[in-house]
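Enquirer: Protein sequences appear in the order of chains A and B. Reminder that position 18 of the first sequence reads as 18 in the working numbering, one-by-one numbering, no gaps. Just remember that the working numbering sits 499 ahead of the position in the second sequence, which is counted from 1.
Mixed in with the good hints there might be a few duds.
[Said to hold, decoys possible] Covered stretches of chain B, as calculated for chain A (at least 3 residues, CB under 8 Å):
(1) 580-589
(2) 615-626
(3) 726-733
(4) 736-745
(5) 750-756
Hints were generated in silico from the structure; no laboratory data involved. Remember, it's a predicted structure, so these values are computed and weren't measured experimentally. From the three backbone atoms N, C-alpha and C, an ideal C-beta is built for every residue, glycine too.
The residues making up each chain are set out below.
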Amino acid sequence: MGFLIGRVAAVGITAAVLLYTVPPLIRTQSWTMLGILAAVTAAVSYLYLTKRHVPAKYLVPGTIFLLTFQVIPVLYTFTVAFTNYGDGHRGSKQEAVGAIERESLVEIPGAPDYALTVAARGGEVVFLLVDRETKAVQVGTAEGLSPVDDAEVSLTGKVLGAPGYEILPAGERDGEVQALAVPTARGAIKSSGLSRAIEFHANRKYDPACDCISDSGTGQRWTADDEVGYFVAADGTNLIQGWKVNVGLANFTRVVSDPTISGHFLGVLIWNFAFALGSVALSFALGMVCALALHHPRMRGTRIYRVLLILPYAMPSFAMLLVWRDMFNTDFGLINRMLGTDIDWMGSPTGARLSLLLVNLWLGFPYMFLVTTGALQAIPRELTEASSIDGASAWQGFRRVTLPLLLVALSPLLIASFAYNFNNFNAVRFITNGGPYPVDNNLVGKTDLLITYTYRLAFEGGSGQFGFASAISVFIFAIVATISAIAFRRTRAQEEVYS
Amino acid sequence: MSKLLWRHGVVLLVVAFSLVPILFVLSAALNPLGTLNSSELYPTGATVKNFAKLFSDPDHSFGRWFVNSVFIALASSFASVFLSVCAAYAFSRMRFAGRRVGLLSLLLIQMFPQFLAIVTIFIIFTEVTELYPAFGFNSVWGLLLLYLGGALGVNTYLMKGFLDTVPKELDESATVDGASHAQIFWRIILPLVAPVLAVTAMLAFIGTINEFLMANIFLRADDSKTLAVGMFGLLGPDNRNVNFGIFAAGTLITAVPTVAVFLWLQRYIVSGLTMGAVKG
Numbered sequence: 001m002g003f004l005i006g007r008v009a010a011v012g013i014t015a016a017v018l019l020y021t022v023p024p025l026i027r028t029q030s031w032t033m034l035g036i037l038a039a040v041t042a043a044v045s046y047l048y049l050t051k052r053h054v055p056a057k058y059l060v061p062g063t064i065f066l067l068t069f070q071v072i073p074v075l076y077t078f079t080v081a082f083t084n085y086g087d088g089h090r091g092s093k094q095e096a097v098g099a100i101e102r103e104s105l106v107e108i109p110g111a112p113d114y115a116l117t118v119a120a121r122g123g124e125v126v127f128l129l130v131d132r133e134t135k136a137v138q139v140g141t142a143e144g145l146s147p148v149d150d151a152e153v154s155l156t157g158k159v160l161g162a163p164g165y166e167i168l169p170a171g172e173r174d175g176e177v178q179a180l181a182v183p184t185a186r187g188a189i190k191s192s193g194l195s196r197a198i199e200f201h202a203n204r205k206y207d208p209a210c211d212c213i214s215d216s217g218t219g220q221r222w223t224a225d226d227e228v229g230y231f232v233a234a235d236g237t238n239l240i241q242g243w244k245v246n247v248g249l250a251n252f253t254r255v256v257s258d259p260t261i262s263g264h265f266l267g268v269l270i271w272n273f274a275f276a277l278g279s280v281a282l283s284f285a286l287g288m289v290c291a292l293a294l295h296h297p298r299m300r301g302t303r304i305y306r307v308l309l310i311l312p313y314a315m316p317s318f319a320m321l322l323v324w325r326d327m328f329n330t331d332f333g334l335i336n337r338m339l340g341t342d343i344d345w346m347g348s349p350t351g352a353r354l355s356l357l358l359v360n361l362w363l364g365f366p367y368m369f370l371v372t373t374g375a376l377q378a379i380p381r382e383l384t385e386a387s388s389i390d391g392a393s394a395w396q397g398f399r400r401v402t403l404p405l406l407l408v409a410l411s412p413l414l415i416a417s418f419a420y421n422f423n424n425f426n427a428v429r430f431i432t433n434g435g436p437y438p439v440d441n442n443l444v445g446k447t448d449l450l451i452t453y454t455y456r457l458a459f460e461g462g463s464g465q466f467g468f469a470s471a472i473s474v475f476i477f478a479i480v481a482t483i484s485a486i487a488f489r490r491t492r493a494q495e496e497v498y499s
Numbered sequence: 500m501s502k503l504l505w506r507h508g509v510v511l512l513v514v515a516f517s518l519v520p521i522l523f524v525l526s527a528a529l530n531p532l533g534t535l536n537s538s539e540l541y542p543t544g545a546t547v548k549n550f551a552k553l554f555s556d557p558d559h560s561f562g563r564w565f566v567n568s569v570f571i572a573l574a575s576s577f578a579s580v581f582l583s584v585c586a587a588y589a590f591s592r593m594r595f596a597g598r599r600v601g602l603l604s605l606l607l608i609q610m611f612p613q614f615l616a617i618v619t620i621f622i623i624f625t626e627v628t629e630l631y632p633a634f635g636f637n638s639v640w641g642l643l644l645l646y647l648g649g650a651l652g653v654n655t656y657l658m659k660g661f662l663d664t665v666p667k668e669l670d671e672s673a674t675v676d677g678a679s680h681a682q683i684f685w686r687i688i689l690p691l692v693a694p695v696l697a698v699t700a701m702l703a704f705i706g707t708i709n710e711f712l713m714a715n716i717f718l719r720a721d722d723s724k725t726l727a728v729g730m731f732g733l734l735g736p737d738n739r740n741v742n743f744g745i746f747a748a749g750t751l752i753t754a755v756p757t758v759a760v761f762l763w764l765q766r767y768i769v770s771g772l773t774m775g776a777v778k779g
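Okay, chain B solo, but in the shape it has when bound:
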């Protein structure tokens, strides 16, 4: 028994560490005074005032940020997973001239994260804003296009690894039965790798919700902002203390979709993360 006791002890200690900030956010969100210096670790009162104030604040459009963020994150995670699973299907199942070169260049491109080119992305999109304002700065569409540009480089190699684990005999027998390449892709491959796709999409979703570097350059107008850009502005140097309550409320609301998806897919996450590791 004592052998298990130290295990509980260690884990409880770490659990305390992981819960302290979360508890603090919870208590700050419920704190009636809504300031940083009146927020304690444990709730000292319970009110939904901060939540109400968050949505009625005339200077900030939190609702809009939330919609923007969820839209960009959903659209870009779905589209980028789709684009990369398409490419992975070609690399995994077909043999064609340039396949090796293509795979190697993807490996090379993977080493150059897109956001490092932020300076030239800014220069390019200054030009795009002049020509096509709907896809330029202050538009979620332009940012979405940009995120899709990073899709293939990040996920394709991983996806190819997943697809390689699906036995080839399956699509061979389908081909014998007269299925086309599109039918094999939609009816056989996609359903089989769906759990892995879900995990990849979820990680992309969370990554996009948290993306700040490029979004901050792109979205300057208040109603075009995402949660990361907008809520960063909530805690500006002058109102760090007073706005903390509504900020904490916003944090909790933002956490709802991510935590929910996370707990729901928990089972697959471990296999999804480590499967990518086996294929280097």
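So that you can see chain A by itself, here it is in the shape it has in the complex:
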């Protein structure tokens, strides 16, 4: 019975997904995606209809999400890192040529004025054009103009019907209507408003013979450079619209060779390590001090202390980061008002860095307090008692017995915490947003982590450098993976030693 319900549910969900996802794929003619989708749904339906392959039944749902939204984006990042993808380099060369020609369109004086009716022929959007003077009816497609017979035309020049054409209501499939350019001998016919079409002439035209773009007005010429993905003029300037090309390792070498980046990048890297290490060390130290202080059989009020100490962990951290930022505010902030000072805490690199560490300590120590408390309870009291009977001082007992045992138990968590803080986007984005910035580069600040730097390159600061941002992501991947691998080996080794 349960099996039957499971079957029906699985097949039902698969069918629903299929119904929803297929039509847009057919509309955009994405046959590869459609093929993948068909294969996956077929496999999933088979899996849940058969009684075999039990492990797969439990693994497949999560794996589909994992592959689609994590593995593929990560792999894709690695490929984008080798391109110049970004603003000005989003599409193919053909799209760039189209965009350049479209930008340079001018109306041809004295050309015929057409009344426009948008229609569909076999699913494709076409223009039915009526010459306002001769009343001749033509159809315009992406291939060109051809005459139409037996069209029924209204007095205003609107086509009411024609055999083989379906008249579309105004405003429908607007994107395709805007994009359609009917090539003519002198230029192209494009829609201008809902019921009018005009013949345009492109000032700049692409010539496949020389692989260049020439401007008929000024006579200037830009030759395609497939190395950089731009049309470049003889004087070295280029047209704004470029296309996506493979740039090999250029994004990676830029970190070292580009003088506006290399110095700052090294700084970011060092600070990134310092921030992560400092955050873990400070919050572990403070958390441990609290845990040790409360770890005494005759200690009173531990419950209430514990609740008060973990409150920062339970508060929404994004909001508390902003609260901290505004407590440090120069003009209105609580800290300056309480101290009666007028210090721009975030103005100097050192001030900003220390403030960041302090705030991250506040956010991080309750977690360390919690886990150390747990680990302390697992250490038998006899061990420390034995060491004190042997004449060890309290400090020696801590240093030689408690601390090593704590570190063994907690090192995986400390490493995880390091990895987390290494990419602690929120802390930096909310408190300093990377600032203060050096005068010669407004894209990378003195407190930037690699992740906030990546984010700014791609989405903020108006640069949209997706390729370069991906390359920085690959750097972070490499660093985090190395650290995790080393850490994993070390914990294995330690467990073997102490267990």
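Starting from the known structure of chain A, fit chain B onto it as the hints suggest.
Expert: Here is chain B on its own, set in the frame of chain A:
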């Protein structure tokens, strides 16, 4: 006695440190003037004006953000815990071809946090928005799918560790009694690990409420925003001073669900956090 005194002293000092910002938020939320520069550490007046203003502000839909955030966080924490406990069940209880490879690849994938691929996630979802607007940008559903993608990588290994601690004899005897694999999963395994699942779900809940990096790329329209994205916008460069009161009020409201869950599950949190540590 003096031995205990220094312990109290140390802890009280740290408690003061941990309470200062929270006290400040409380006082700012109750502050009648509602600005940053009039907010003191301790409340100087008591009014609910900031709370009222927060909900009636025509430029911002705080109520909507709250609903969005709680919905995404609840749905994604439940679904991601469920997906990963399913996978963990297979890895812990069954022996099959590719098990070792699967576990190793999960370990490898764990090293690559999803948000590092934000650039390509953006590129992919630009495409998705064109095809399926309901799951694209400005939609909580698209973001939810994205969060689920990160589920398996983060939790499965941890969960497998928990499930390994449940004695195998339990499901063996159930099998002898004629239980199917689904019955063992639902009736025996899940109830036994429920406390741990609750803690994992809670941590996922808090993590999702605080997630900003991806949500900020996804949610640009005001009524699709989550609390993190929306409240960040409340304190824009021009209204940092004037909006601080309503921001503090919003912070307190946001804290209610998280703090409540936290105090409720406090007992399990320590064991939940350290249990994962033992299994590396």
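Enquirer: With reference to the structure, classify each hint as holding or not holding.
Expert: Going through the hints against the structure:
no.	hint	in the structure
1	580-589	holds (count 6)
2	615-626	holds (count 9)
3	726-733	holds (count 4)
4	736-745	holds (count 3)
5	750-756	holds (count 3)
Against the hints set out earlier in the document, no violation occurs for any number.
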